[in-house]
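Trainee: Chains as they are written, first to last, in our numbering: chain A, 1 to 248; chain B, 1 to 252.
Some hints could be false.
Claimed, not checked - Calculated pairs, BS3-like style, for lysine-lysine (alpha carbon to alpha carbon, straight line, at most 25 Å):
hint	chain 1	residue 1	chain 2	residue 2
1	B	K168	A	K63
2	A	K153	B	K46
3	B	K150	A	K46
4	A	K196	B	K168
5	A	K63	B	K46
6	A	K46	B	K157
7	B	K46	A	K146
8	B	K46	A	K46
9	A	K37	B	K150
10	A	K46	A	K63
It is worth saying that the hints were derived from the structure and are not from the lab.
Every value quoted in this text rests on a predicted model; they were computed, and no experiment measured them.
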Amino acid sequence: MTLKVYVDRMSQPSRAILIFCKVNGIDFEEVKIDVTKGHHRSPEFKEINPMGKVPAIVDGRFKLFESHAILSYLASTFPGVPDHWYPADLFTRAKIQSILDWHHSNLRLGAMNFVLNSALGPALGLPLNPQAAKEAEKILSASLLKIESVWLKGNAKFLLGNFRPSIADLSLVCEIMQLELVNENDRERVLGPHPKILQWIENVKSATNPHFEEVHGILYKVKARLHSRLESTKNNTVDFRMKPNPKL
Amino acid sequence: MTLKVYAHRLSQPARAVIVFCKVNSIDFEEVMVDFTTGQTLSPEFKEINPMGQVPAIVDGRFRLFESHAILSYLATAFPGVPDHWYPADLFTRAKIHSILDWHHSNLRRGAMPFVINSALGPAAGPVLGGPLNPQAANEVEKILRASLSKIESLWLKGNAKFLLGNFKPSIADLSLVCEIMQLEVLDEKDRERVLGPYPKILQWIENVKSATNPHFDDVHGILHKVKARLQSRLESTKNSAFDLRMKPNSKL
Chain A
1 MTLKVYVDRM SQPSRAILIF CKVNGIDFEE VKIDVTKGHH RSPEFKEINP MGKVPAIVDG
61 RFKLFESHAI LSYLASTFPG VPDHWYPADL FTRAKIQSIL DWHHSNLRLG AMNFVLNSAL
121 GPALGLPLNP QAAKEAEKIL SASLLKIESV WLKGNAKFLL GNFRPSIADL SLVCEIMQLE
181 LVNENDRERV LGPHPKILQW IENVKSATNP HFEEVHGILY KVKARLHSRL ESTKNNTVDF
241 RMKPNPKL
Chain B
1 MTLKVYAHRL SQPARAVIVF CKVNSIDFEE VMVDFTTGQT LSPEFKEINP MGQVPAIVDG
61 RFRLFESHAI LSYLATAFPG VPDHWYPADL FTRAKIHSIL DWHHSNLRRG AMPFVINSAL
121 GPAAGPVLGG PLNPQAANEV EKILRASLSK IESLWLKGNA KFLLGNFKPS IADLSLVCEI
181 MQLEVLDEKD RERVLGPYPK ILQWIENVKS ATNPHFDDVH GILHKVKARL QSRLESTKNS
241 AFDLRMKPNS KL
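Given the sequences, and given the hints that come with them, work out the whole structure.
Mentor: See the structure below:
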């Protein structure tokens, strides 16, 4: 029975799983769960993941949620996954876990709320919130700085100075990619001061293309829609709260 | 060179690491770093952990922060740690990772600010602390309750003694229960109001205590002292119309 991966490509951790599977030739079925349509709250999906979130996997009778747990499970279970993704070396592995743990309350917290409050909110039926976006931006910027100073020291190609990417590189870069949704000025303001981050993103892309670009394709489509709506909203002084577009 | 554990017993994840070491007879030196006075922000400590947080460990030349990474490292690196703490079985191990990951944005996201906003306030120090804020406490209490509910319905189903129905505790049990123990600094009424509706949670806490005592109670002793101080301050504040904003007590 093929591995089933329940995802929404708008979800950063979902994209990390998809790319990981494709890069490693892992046979799987992508089951699309549309968060903007509320699919994640359906009773059927709650059978798969009682937390009602993507990503989730079903491997035979084994169900699992939380992307970091999924990535380390896949790296350990599927034959042929190169060691660099989740090294068997105890010390490197522990450091990768450390980065993934830190991610939840730092990069993810900052990036997710920044993107939600400055661009994506309306697609989920939420108003934009510049104040909240500002708060989140502080956390996001502090996180980017920490990544550069702690894990991308010197000429580091990947986190921890590794020569090849690990699941930590993939997870964190997929998160930062969500900034493709915010307008050019904001994105430049946040990422511009971090050349090492920008280089690192390119390194991860190179190591995982064409799959990385293909999986991230949705962001560019969504960005175009979001920005054309924002423009028409400004032009027609309608209620800022946009209804979710089922086609998004 | 002995393992060094940089900790403060008021920190939930620090307690989990200390209890784990004691229960498994891992030889270590506990180095107290006081986050309530901002000691975690000192340049000396930032050499140990650039994130300026506890817990952190130094094992020879190896440095590590983030309690979940520390717990799984210790379980794997030190001989004689029973398998149940961090099972080698791929499926159980993955489920334990899943719980620990979920913890960050759920139980911890609810419990920590709830305790700070309703009781610890400024006593939590310059980074985490602030004035008491009942409004904020109310908001995060919802996240806390939803998390306790999820733990009961998903991981403590039926007569489960420990998470996932395991017969012995894992690092997930220890980490989550240490988090919930922080509610000990609240006054009885509040703690009862929050935990009372969750009998499975209460039983599970007792199970974890039984499996790890006397170390669990010893390490958590600080919470009773902190609670007593907080309450005597609240009393004297009520009695003398002082500014409600309490200064951090460096001895806490």
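Trainee: Does A/K46 lie within 25 Å of B/K46 when you go C-alpha to C-alpha?
Mentor: violated, 43 Å
Trainee: Just to be careful, I want the Cα atoms of A/K153 and B/K46 compared with a cutoff of 25 Å; is the pair within it?
Mentor: holds, 16 Å
Trainee: Measure nothing beyond the straight line between the CA atoms of A/K46 and A/K63; if it is 25 Å or shorter, mark the hint as holding.
Mentor: holds, 11 Å
Trainee: Please verify whether B/K168 and A/K63 have alpha carbons no more than 25 Å apart.
Mentor: Holds, at about 22 Å.
Trainee: Keeping to a limit of 25 Å between CA atoms, is the pair of A/K196 and B/K168 held or broken?
Mentor: Judged against 25 Å, a Cα distance of about 45 Å means the pair is violated.
Trainee: Does the alpha-carbon distance linking B/K150 and A/K46 stay inside the 25 Å limit?
Mentor: holds, 12 Å
Trainee: For the pair we were handed, A/K63 and B/K46, check the Cα-Cα distance against 25 Å.
Mentor: violated, 40 Å
Trainee: Please work out if B/K46 and A/K146 have their alpha carbons no farther apart than 25 Å.
Mentor: holds, 12 Å
Trainee: Would the hint linking A/K37 and B/K150 be met if the CA-CA limit is 25 Å?
Mentor: The hint holds at about 24 Å.
Trainee: Sort out whether B/K157 lies within 25 Å of A/K46, counting only the CA atoms.
Mentor: holds, 16 Å
When the structure is compared with the earlier hints, violations turn up for hints 4, 5, 8 and for no others.
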